[in-house]
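There are 2 protein chains.
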Amino acid sequence: MNDPAPLPAIDIDPDRLWSTLMASAEIGATPKGGLRRLTLTDEDRAMRDLFAAWARESAYELRVDRLGNMFVRRPGADPTAPPVLVGSHLDTQAKGGRFDGVLGVLSGLEILRALDDHGVTTERSIEVVNWTNEEGARFQPPMMCSLAFAGGESVEWALQRTDKAGVRFGEALEGIGYQGDTEVGGRQLDSYLELHIEQGPTLDQADVDVGIVTSGYAMRGMRIQVLGETAHVGPTPMHHRRNALVGAAYAAVAVNEIGWRYAPEDGKASAARIDVWPNLPGLLSDEAQLYIDFRHPDPQRLEHMADEVEAAVAESARKSRTEITVAERWGFGGLRFDEDLARLLFDRAGAMDLPVLEMASQAGHDAYHLSRVCPTIMIFTPCRGGITHNEREDVELSRTVPGVRLLLHAMLERAGYRSP
Amino acid sequence: MNDPAPLPAIDIDPDRLWSTLMASAEIGATPKGGLRRLTLTDEDRAMRDLFAAWARESAYELRVDRLGNMFVRRPGADPTAPPVLVGSHLDTQAKGGRFDGVLGVLSGLEILRALDDHGVTTERSIEVVNWTNEEGARFQPPMMCSLAFAGGESVEWALQRTDKAGVRFGEALEGIGYQGDTEVGGRQLDSYLELHIEQGPTLDQADVDVGIVTSGYAMRGMRIQVLGETAHVGPTPMHHRRNALVGAAYAAVAVNEIGWRYAPEDGKASAARIDVWPNLPGLLSDEAQLYIDFRHPDPQRLEHMADEVEAAVAESARKSRTEITVAERWGFGGLRFDEDLARLLFDRAGAMDLPVLEMASQAGHDAYHLSRVCPTIMIFTPCRGGITHNEREDVELSRTVPGVRLLLHAMLERAGYRSP
Chain A
1 MNDPAPLPAI DIDPDRLWST LMASAEIGAT PKGGLRRLTL TDEDRAMRDL
51 FAAWARESAY ELRVDRLGNM FVRRPGADPT APPVLVGSHL DTQAKGGRFD
101 GVLGVLSGLE ILRALDDHGV TTERSIEVVN WTNEEGARFQ PPMMCSLAFA
151 GGESVEWALQ RTDKAGVRFG EALEGIGYQG DTEVGGRQLD SYLELHIEQG
201 PTLDQADVDV GIVTSGYAMR GMRIQVLGET AHVGPTPMHH RRNALVGAAY
251 AAVAVNEIGW RYAPEDGKAS AARIDVWPNL PGLLSDEAQL YIDFRHPDPQ
301 RLEHMADEVE AAVAESARKS RTEITVAERW GFGGLRFDED LARLLFDRAG
351 AMDLPVLEMA SQAGHDAYHL SRVCPTIMIF TPCRGGITHN EREDVELSRT
401 VPGVRLLLHA MLERAGYRSP
Chain B
1 MNDPAPLPAI DIDPDRLWST LMASAEIGAT PKGGLRRLTL TDEDRAMRDL
51 FAAWARESAY ELRVDRLGNM FVRRPGADPT APPVLVGSHL DTQAKGGRFD
101 GVLGVLSGLE ILRALDDHGV TTERSIEVVN WTNEEGARFQ PPMMCSLAFA
151 GGESVEWALQ RTDKAGVRFG EALEGIGYQG DTEVGGRQLD SYLELHIEQG
201 PTLDQADVDV GIVTSGYAMR GMRIQVLGET AHVGPTPMHH RRNALVGAAY
251 AAVAVNEIGW RYAPEDGKAS AARIDVWPNL PGLLSDEAQL YIDFRHPDPQ
301 RLEHMADEVE AAVAESARKS RTEITVAERW GFGGLRFDED LARLLFDRAG
351 AMDLPVLEMA SQAGHDAYHL SRVCPTIMIF TPCRGGITHN EREDVELSRT
401 VPGVRLLLHA MLERAGYRSP
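Quick mapping for you: the protein sequence lines, in order, are chains A and B.
Mapping of the first sequence onto our numbering: residues 1 to 420, in sequence order.
Mapping of the second sequence onto our numbering: residues 1 to 420, in sequence order.
Next comes chain A alone, as it looks inside the complex (with noise of 0.2 Å):
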């Protein structure tokens, strides 16, 4: 390899990072220090209002799509070229940390400070993007609007998703005062890189601070339905009994089995999620459906999964005499990201002296979706303990900071940094 170019002196400011850090903190915060901002809630607005005035504050321009996907453009001088965008998600999981998603977008926003502070032009635009429900925790599936974004579904599919209580995508989007007019993807990106927590306990025990993210795990889920019928949980002989909790419960212990099986060569099996109908203590249940999610580093072994979970639902309806049918099927993952962008990022790394882990991501994130219009890339820091999804996910800001210094001067890079 050759020689790395200089890096540019410009710099991020990390405690104003983390002051804004700390502002997003404050919005949804839990009593065990987390955060509970579900999308198109009261939070997630509060939230988007704080985002949109400091976009206001710098005078950057703010556009949100009818999906409620918002971009913030710091323009630049070609204002034709397609731009580079960088940020994640705002939104949280039912019981969420504090860096998880929000890390990426207030990365952005504090480069394109940066930018501000040392007077920087870049030939292309920058923008900002906080993608609307990354989490899916309160519409499914999760990651649905950079879904739509790259083309993968309809602005309508997504409109007309709806939540446990009923409420659909769209009212809730337009409750909130966030659906713009502003079409759903269909333009030219640069390129898309993506800062996020790890999700995992990998850079924290390595003691490396930045990883490199070539590469995403294969996943698959789906939902199984599965049907019996209703009995008194007294009288009935254990031989007329088609309780579908307990097919279910055969599944999902199933699951967790085959997880463990694949556990030494790193894949993993979920028993997700469980609802049951009626599901009363007087009752044997006639319906019950359990979200199934397994993952594989290498795509050919997640097929042996797939089979063997298969083979695993099979063998629940007949231990519990119920029938098991597989309702909706879904993956994503199995991909390589840019790799310009990834050599970009490694020679940046080289010239800024930083040790990198060239890491896959187990977790789902909208580079996934991003990454079939456009050049992407992922950087990874680390989270404490690896624990994350959890109101205990934490960072520590001098493990954080260098991997938005290795985002800024990639960025510099491929937008067409102009010395001031």
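Each hint should be verified, as a subset may be incorrect.
Computed cross-link-like contacts, DSSO-like style, restricted to lysine-lysine with a CA-CA straight-line distance of at most 30 Å [to be verified]:
#1 LYS32(A) - LYS164(B)
#2 LYS32(B) - LYS164(A)
#3 LYS32(B) - LYS164(B)
#4 LYS32(B) - LYS32(A)
#5 LYS319(A) - LYS319(B)
#6 LYS319(B) - LYS32(A)
To list a few chain B residues with every Cβ distance to chain A over 12 Å, as calculated [stated by the list, open to error]:
#7 ALA52
#8 ALA53
#9 THR325
Computed footprint of chain A on chain B; a stretch qualifies when at least three of its residues, placed anywhere within it, have a C-beta under 8 Å from a C-beta of chain A [said to hold, decoys possible]:
#10 89 to 100
#11 135 to 149
#12 197 to 205
#13 339 to 350
#14 364 to 373
Calculated directly from the structure, the hints in this document are not laboratory data.
Heads up, the beta-carbon is just placed ideally off N, CA and C, and yes, glycines get one too.
Fit chain B to the supplied structure of chain A, relying on the hints for placement.
Okay, now just chain B, sitting in the frame of chain A:
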């Protein structure tokens, strides 16, 4: 045994009984031919209004107590003598049948009408009761208003129970206008007789129309609480996981398998309801609750089942790396009904030339609580295929009438029949 005393020439009107059953079957009817008449809902109110209207039509007295238990009284010659009480409940499961409980109340009403038809006077008053919330499908526990009537819990305790939506029992009772001013219990009863469909296949398969229920199976229930930790379904390594859903699933499977082990001796075990938080597709859950129910004809063997259930719960905690505690325990049954009343029923059945089976009840009934405060007995009639707590629950009138006739003749003896 002596020759039985001859039967008075008094009979019920089977067609009239059927017409009241079918009028009830319209209130809360489901598309599949069952009933959804959850306690203290509009449907329950409508059924209560109809029952009250029938009482008024025949000029019976109606009293409603502070828990909504309804007592329809046909006065006897001696108004100070403790009355004979018959009845059951008019509420149903969420997906219930048309006869469970309803048959017991409307058989009582039919018997009062038959006494009117024949101009019969009884020494004691006869009362037909509709117990509030027998099913426990909306407020737990089941049979809570007969429990309070029998002094097993306070009225205040019952009024404070809440449903899944957080509505208090007391509010809901006021809401349908059935909070009466009669004190709950605290008065002398001569006896309590409850006629009920069997809720099991024994009578149907044996082709016998009447069961004399001399005892109740011992039953235990428990609610276990599983505590785990939320984490991302993707990157979290299997050996870091503490998924509460998986803990509850292990317990549900183990309980079901305990049921199978005791099935040859007629034991049963049920995983009957599961609740999980936050219960989302992207997240391992940190809390779950599972309702467990197990029953056995032999109280000593039930103790063995209880030991196995406790061991299975501990093993489920170990396998899922969760903490599981028993949050609540309850039980009923394991009792013998009154011997004099049993003898009376066998005697009257003999006089009627009616084949009967002596049986033990496997389901819970208000009669269990009443047996604490007065001599109590139950009569079972067949239900088709033993199917119950199910919209397909069904009976044949011709196989139901013999049990109602037996009830009539037993009540005449007990209430002090005076020929007109």
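Tested hints:
1. Among the hinted pairs, LYS32(A) with LYS164(B) is consistent with the structure: their alpha-carbon atoms are about 25 Å apart, no more than 30 Å.
2. Between the alpha carbons of LYS32(B) and LYS164(A) the distance comes to roughly 25 Å, so the proposed pair stays at or under 30 Å and holds.
3. Our distance criterion of 30 Å between C-alpha atoms is met by LYS32(B) and LYS164(B), whose separation comes to about 25 Å.
4. As the CA atoms of LYS32(B) and LYS32(A) are separated by approximately 47 Å, the hinted pair breaks the 30 Å bound.
5. A distance of roughly 20 Å separates the Cα atoms of LYS319(A) and LYS319(B); the hinted pair therefore holds under the 30 Å criterion.
6. Annotation: proposed proximity of LYS319(B) to LYS32(A) holds, straight-line Cα distance about 27 Å (limit 30 Å).
7. Listed as outside the interface, ALA52(B) is consistent with that label: its C-beta sits roughly 27 Å from the nearest C-beta of chain A, beyond the 12 Å cut-off.
8. Every beta carbon of chain A lies more than 12 Å from that of ALA53(B), the smallest distance being close to 29 Å; the non-interface claim holds.
9. For THR325(B), the condition that its CB be more than 12 Å from all CB atoms of chain A holds, with the nearest at approximately 18 Å.
10. Here's how the stretch 89 to 100 of chain B fares: 3 of its residues keep a CB closer than 8 Å to some CB of chain A, so the rule of at least three is met and the hint holds.
11. Against chain A, the stretch 135 to 149 of chain B contributes 6 residues with a C-beta closer than 8 Å to a partner C-beta. That satisfies the three-residue criterion, and the hint holds.
12. Given a C-beta distance limit of less than 8 Å, the hint that chain A covers the stretch 197 to 205 of chain B holds, as 4 residues qualify and 3 suffice.
13. Coverage of the stretch 339 to 350 of chain B by chain A is violated [criterion: at least 3 residues with CB-CB distance below 8 Å; count 0].
14. Counting residues of the stretch 364 to 373 of chain B whose beta carbon lies closer than 8 Å to any beta carbon of chain A gives 1, which falls short of the minimum of three for the stated coverage.
When held up to the earlier numbered hints, the structure conflicts with 4, 13, 14 and fits the remainder.
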